[in-house]
Amino acid sequence: MTTIQTTSASTIRHDHVARRRPGLLAALRWELRKLRAQYRARVVLLIAVLAPVFIVVVIQGQSRPPKDTLFGRFAIDNGFALSLLVLGFASQWVLPLLTAIVAGDVFASEDQHGTWKTVLTRSTSRSRLFWAKTVTACGFATLVLVLLAVSTVASSWVIVGHQPLIGLSGQSIPAGHALQLVAASWALMLPPILAFTCLAILLSVWSRNPAVGIAAPVVIGMVMQLVGALGGVEAIRPFLVTTSFETWHGLLAEPRFSGPLVEGLLVSAGWCVVSLAAAFILFRRRDITGG
Amino acid sequence: MNGFLAVDAQGVTKTYGSVRAVDDISVRVAAGEVYGVLGPNGAGKTTFLRMLLGLIRPDTGTIRMFGKTWEDSGVGVLDGVAGFIESPRFYPYLTGRANLEGLALLDGGTPTGLLEEVLDVVEMSDRADQKVGGYSYGMRQRLGVAASLLREPRLLILDEPANGLDPAGIRDMRALVKRLSGRGLTVLLSSHDMEEVEEICDNVTIMTRGTVAFHGTIAHLRTMAPDPGHVLATTDDVRALRLAEDQVGITVARDPGAALVVTGPPPEVSSYVGSLVRADIGLLAFTPTRTPLEALFFMLTDDATHQFLDRSAQPQDALR
Chain A
1 MTTIQTTSAS TIRHDHVARR RPGLLAALRW ELRKLRAQYR ARVVLLIAVL APVFIVVVIQ
61 GQSRPPKDTL FGRFAIDNGF ALSLLVLGFA SQWVLPLLTA IVAGDVFASE DQHGTWKTVL
121 TRSTSRSRLF WAKTVTACGF ATLVLVLLAV STVASSWVIV GHQPLIGLSG QSIPAGHALQ
181 LVAASWALML PPILAFTCLA ILLSVWSRNP AVGIAAPVVI GMVMQLVGAL GGVEAIRPFL
241 VTTSFETWHG LLAEPRFSGP LVEGLLVSAG WCVVSLAAAF ILFRRRDITG G
Chain B
1 MNGFLAVDAQ GVTKTYGSVR AVDDISVRVA AGEVYGVLGP NGAGKTTFLR MLLGLIRPDT
61 GTIRMFGKTW EDSGVGVLDG VAGFIESPRF YPYLTGRANL EGLALLDGGT PTGLLEEVLD
121 VVEMSDRADQ KVGGYSYGMR QRLGVAASLL REPRLLILDE PANGLDPAGI RDMRALVKRL
181 SGRGLTVLLS SHDMEEVEEI CDNVTIMTRG TVAFHGTIAH LRTMAPDPGH VLATTDDVRA
241 LRLAEDQVGI TVARDPGAAL VVTGPPPEVS SYVGSLVRAD IGLLAFTPTR TPLEALFFML
301 TDDATHQFLD RSAQPQDALR
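So the protein lines, in turn, are chains A and B. Just so you know, we're using the working numbering here: the first sequence kicks off at 1 and counts up by one. Just so you know, we're using the working numbering here: the second sequence kicks off at 1 and counts up by one.
Only chain A is shown next, with the shape it has when bound in the complex (with noise of 0.2 Å):
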């Protein structure tokens, strides 16, 4: 049976006093504990933590190195190389959908669950939930990433060991200044995987399928390595976001470049800032009407 209490001696009052207004920080804080408490984002980061050492103990205990590869001839020798192999596996797909699981689901899933109504209700504006959540997805494909860095480069250490690297144009790299470049290297796929995370975003935004906005980025990713791989796309290649995965060639080079680098970052911001100010136009302007 349903019932109301209507008997309570509460004393709630109803005077009016003029509302504190929230800040950022405060949605921000809900976000995070919203995220704190969904198990798929607990599995994704211990994914983040524990894929990494199976697969290096898996491509370790192989015979022959996968030769076809990049850095995939030392990568049973050799910790950086086996770091670098799982660096340049991941970026195919890997980081774009473990990023997609949270940013394309963070719009989508208030519709999902109808809890717009709820939240749009309250003393919150539509900006500050809007950047809430993005700096939410933003976040968390951070820590995805590091752990993802974190977890191969230290298995890859331990496992196959820290021998001088072989560069790209067949230098040695001491295992002091390997190491800074596989974290560096690291670093940059985090402008690439920002990208992604704002186009999971839009797609959130745009389709209100939490499906949608974790799929679609992942196969958007993959429709561009196939465009990036065919022949007389030399014009359009530079302003796809998957080809910013790769600017961390030019750090294993000798002598390096860093052209593609320079050019990866700006591609990846032009990649967010037109994702996320279509994302934000589309969500200051939309009805809730379901829920």
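Hints were generated in silico from the structure; no laboratory data involved. Hints may be right or wrong, so weigh each one.
What the hints assert, rightly or not - According to the in silico footprint, chain B covers these stretches of chain A (three or more CB under 8 Å from chain B):
1. 24 to 38
2. 108 to 118
Claimed, not checked - Away from chain B, derived, C-beta distances all over 10 Å, residues of chain A:
3. Val49
4. Arg64
5. Gly88
6. Phe130
7. Val135
8. Val150
9. Gly161
10. Gln163
11. Ser169
12. Gln171
13. Ala187
14. Trp206
15. Gln225
16. Gly228
17. Gly250
18. Asp287
Every residue, glycine too, gets a C-beta built ideally from N, C-alpha and C.
Given the structure of chain A, go ahead and fit chain B onto it with the hints provided.
Positioned in the frame of chain A, the structure of chain B alone reads:
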């Protein structure tokens, strides 16, 4: 702030494609009253309430709440305003308490002890630490009221609050609304139940097809109500109908279900029933059809009697 209307909506219109969900309606709710927005499903009630709460942007018209507009004050227009649209929705993977704590964050915090207090008011204290995903409909409804009270509102907007509740829940929800209004809270509620509005509200706007069919006090509405009707079953309907021809002030007709329906002022109906008895016609059933206000509601919202609306609409009555 004092002296402002709780709600002052003027010429509000919302169109979806070729459908005018809300067509140039004006509603004014004075502070402290319990105001009903009544209408059948699809009349535009929920769209109107969504516009008040900023969930939907009107195409034209202005909405002021306690003197503030969305254009001037942004989300500040909701200061002192709370409520829910249709069934309240929460995050199923969080407990009821965690949901309220989160919403309190979005309100800029709440005074110490208020959260426990509102949980107590809706009798949810003992279930607050369970995940909302396991709540019944009625429990979510109660949590919705708690979430609204957490804002310490002066205006409570409730969209069909009794919808989906069992009879006890409906009774208690109505009592809660009355009790809150007794403390000076302005309540604006929508309903498709005339009885509910008649029981709770001081003033009412009746909507149909996005327009205002009636706007005024419940007392005024009662004066417009038609005579009560009764379904009559006799041992000889043919003679009963013939006898009715001699009665002044009543009408007796066969309804589509083949029963007789008597309509008229109670004294005349009573006189007619007496004549049936004197004529040795047995009475098998004599049951009221709709209440007069229900009958009026159906008249007001019925397409066939739409011209009636033009004569009845009293747009200024709500603001006395």
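Verification of the hints:
1. 24 to 38: holds (count 8)
2. 108 to 118: It holds: at least three residues are needed, and the segment 108 to 118 of chain A offers 6 whose Cβ sits within less than 8 Å of chain B.
3. Val49: 22 Å, holds
4. Arg64: 46 Å, holds
5. Gly88: 36 Å, holds
6. Phe130: With a cut-off of 10 Å, phenylalanine 130 of chain A remains clear of chain B, as the shortest Cβ separation is near 13 Å.
7. Val135: 15 Å, holds
8. Val150: Consistent with the label, valine 150 of chain A stays out of reach of chain B, its closest Cβ about 28 Å off (over 10 Å).
9. Gly161: Non-interface label stands for glycine 161 of chain A: nearest chain B Cβ at 43 Å, farther than 10 Å.
10. Gln163: Fine: 47 Å to the nearest Cβ keeps glutamine 163 of chain A off the interface.
11. Ser169: 51 Å, holds
12. Gln171: Check passes; 52 Å lies beyond 10 Å.
13. Ala187: 33 Å, holds
14. Trp206: At about 18 Å from chain B, tryptophan 206 of chain A clears the 10 Å cut-off, so the statement holds.
15. Gln225: Holds, since 35 Å exceeds 10 Å.
16. Gly228: 39 Å, holds
17. Gly250: 44 Å, holds
18. Asp287: 4 Å, violated
The structure shown violates just one earlier hint, number 18.
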